[in-house]
Amino acid sequence: MKGEGSAAGKDITARESSTARESSMAREGASSSWFSPKHYSPLTLRILLIVAFPTALFLIGLLHLDQYRQTVLRSELNALFSHGDTVARTIGLTDAEYSVRAQPRISELTLQRASQLIASIPDARIRIFQPNGSLINDSLRSSRLFTPNIKLQPRPDMMDRGIGAKVRKLLTSVATAVSPKDDYPLYREGRNLSAEDFPAVEAALKGEMASQVMRDRHGKLILGVAVPIRHLRVVRGALLVTASGEEVERDIEQVQIAFFQIFGGILLLTIVLGMYLSRSIVGPITNLARGANRIRLAPSQTLASGEALATPALLERRDEIGTLARDLVAMTDELQSRMNATASFAADVSHEIKNPLTSLRSAVETMSRLEDKGQIDRLMAVILDDVARLDRLISDISAASRLDADLSSAEYTTVNLGELLTTFVEGRKLTGAGAPPLKLTLPEKPVCARVVVDRLVQVVDNLVANARSFSPDGGVIAMTLTATGSRAEITIADDGPGIPETKLETIFDRFYTERPASEEFGRHSGLGLSISRQIITAHGGMISASNRSDDNGQIKGALFTMTLPLDTTTTPRSRKPFIWRAI
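Numbering (my numbering), first residue to last: 8 to 590.
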């Protein structure tokens with residue numbers, strides 16, 4: 008019943024995991040559309056905002072057309088000044104014909120003679136003020152000077168009544184709202200007006216030409232200029248010329264609308280380019296995220312490779328996105344490789360520990376049935392050997408499991424490999440009495456490499472220990488250091504029986520042991536060469552095994568070769584004492 012319940016629980020868990028994967032895939036497919044809201048990531052919006060920011064600044068600058076407005080107003084006021092000065096001079100000269108000496112006021116005959124000239128300016132309203140500030144003539148209300156001026160307005164276009172008019176009105180409203188507000192005074196209208204109602208007229212009565220910009224109660228712009236009427240340097244009155252500023256406002260409105268159209272085109276182009284830029288950046292990153300999600304949701308029994316992370320087109324890109332994709336694929340493959348290695352290591356550890364445990368169990372069960380003290384003592388010796396083997400095996404496994412972490416945090420030092428090997432050989436001569444002698448051959452020039460000193464010595468010590476265990480009596484272990492190209496090469500050769508050709512790579516596997524027949528079983532864990540290769544690989548080097556042969560093809564012994572990258576950029580540091588650890 009317990010087995011059935013466990014199986015049912017696993018089945019439910021598997022169905023839930025499958026359902027979760029399917030729902031995640033469905034969400035992924037639903038979000039794959041470019042126009043879906045989820046696709047517009049914060050990065051996309053950030054890119055669009057950055058791209059559109061200069062365009063927005065351009066728009067703000069265009070909305071502030073004060074300089075252009077002032078230029079147009081100045082031009083219109085200059086035109087009014089020209090007309091007003093002409094009329095004022097004419098009135099002054101005409102008045103001189105009716106008076107031999109200067110008069111303090113304008114005569115009625117002068118006004119009648121000037122009426123024709125005043126009527127020739129139909130788009131302007133002209134008012135004449137006496138020196139005391141009273142209004143004596145108004146071209147709009149005077150029956151003597153007024154002539155009807157009827158203008159036929161063109162028939163409005165149908166587009167002005169539809170969308171075009173609404174868009175134009177909207178743009179004008181936006182421009183008006185954003186543009187700085189003017190503080191023009193209110194334009195007054197009435198019959199009892201005097202010079203006090205127009206500051207420009209007061210200035211003209213003092214002999215100065217002045218201008219004044221106003222707005223009527225409907226918000227329409229009114230332009231006005233005041234010119235003194237002189238004769239013989241005596242101011243006989245003031246002439247006020249006013250005109251509608253609708254043309255100015257219409258001109259500015261047209262410029263604003265044109266700028267809005269330019270801005271719209273630029274903004275549209277900016278958005279299109281921004282979307283393209285966003286798609287070229289965010290799209291591949293999104294694809295990488297989906298690939299990572301697929302790997303995460305893959306069943307634990309299926310070991311996905313990095314190829315599932317990115318499409319071939321993404322890997323072939325020659326930009327930073329392609330570099331990122333390739334690095335992520337390489338990282339995923341490396342992680343997968345380490346996961347596989349961890350799983351394999353766990354299986355190997357389980358197998359290796361099981362053997363001495365089985366032997367212990369058998370010895371203990373047998374001991375309980377024995378009465379002979381001699382047999383019991385022999386079984387106790389077996390038990391002690393198995394316990395020692397387990398202790399040695401667990402220690403080696405612990406060291407092997409910590410190796411990656413130790414190498415990643417260890418300090419790499421540039422050392423002279425010749426000095427390092429010389430010190431090692433001298434130390435071995437003192438501690439290896441009765442063992443085969445070591446013969447060291449060094450190049451004339453220093454050979455330097457950047458290494459973790461203790462770990463490199465551990466590798467050399469392990470290879471020398473292996474060579475000594477297989478060397479016959481009278482044999483010699485030859486150690487040679489050379490430099491070839493950009494790599495340093497260390498070889499260790501012995502005079503032993505060599506290595507079977509089919510085992511040249513197998514000997515580097517974990518827990519693989521092939522010891523001499525004379526050596527007691529179980530004294531080695533089979534991790535020494537595996538750890539050595541792991542250390543040399545972490546240094547960016549390689550280690551391999553081969554056989555030495557004579558001229559007749561007979562094997563003369565084993566040859567281990569390891570290579571390390573040379574370091575020619577820094578000066579070797581002083582070495583610390585070496586600690587030898589044989590595995």
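Hints are not guaranteed to be accurate.
For lysine-lysine, the following DSBU-like pairs were computed, each having C-alpha atoms within a straight-line distance of at most 30 Å [to be verified]:
#1 Lys173 with Lys227
#2 Lys452 with Lys436
#3 Lys436 with Lys446
#4 Lys361 with Lys510
#5 Lys176 with Lys213
#6 Lys436 with Lys563
#7 Lys446 with Lys510
#8 Lys452 with Lys510
#9 Lys361 with Lys446
Derived CB-CB ranges, DEER-like [said to hold, decoys possible]:
#10 Arg198 with Ala86: 25 to 31 Å
#11 Met387 with Gly481: 36 to 42 Å
#12 Glu418 with Leu64: 48 to 54 Å
#13 Ile401 with Arg286: 51 to 57 Å
Calculated from the structure, these hints are not laboratory results.
Note that the Cβ used here is the ideal one computed from N, Cα and C, for glycine as well.
Hint check results:
no.: 1; hint: Lys173 with Lys227; in the structure: 20 Å, holds
no.: 2; hint: Lys452 with Lys436; in the structure: 25 Å, holds
no.: 3; hint: Lys436 with Lys446; in the structure: 11 Å, holds
no.: 4; hint: Lys361 with Lys510; in the structure: 24 Å, holds
no.: 5; hint: Lys176 with Lys213; in the structure: 44 Å, violated
no.: 6; hint: Lys436 with Lys563; in the structure: 24 Å, holds
no.: 7; hint: Lys446 with Lys510; in the structure: 26 Å, holds
no.: 8; hint: Lys452 with Lys510; in the structure: 36 Å, violated
no.: 9; hint: Lys361 with Lys446; in the structure: 41 Å, violated
no.: 10; hint: Arg198 with Ala86: 25 to 31 Å; in the structure: 28 Å, holds
no.: 11; hint: Met387 with Gly481: 36 to 42 Å; in the structure: 39 Å, holds
no.: 12; hint: Glu418 with Leu64: 48 to 54 Å; in the structure: 53 Å, holds
no.: 13; hint: Ile401 with Arg286: 51 to 57 Å; in the structure: 56 Å, holds
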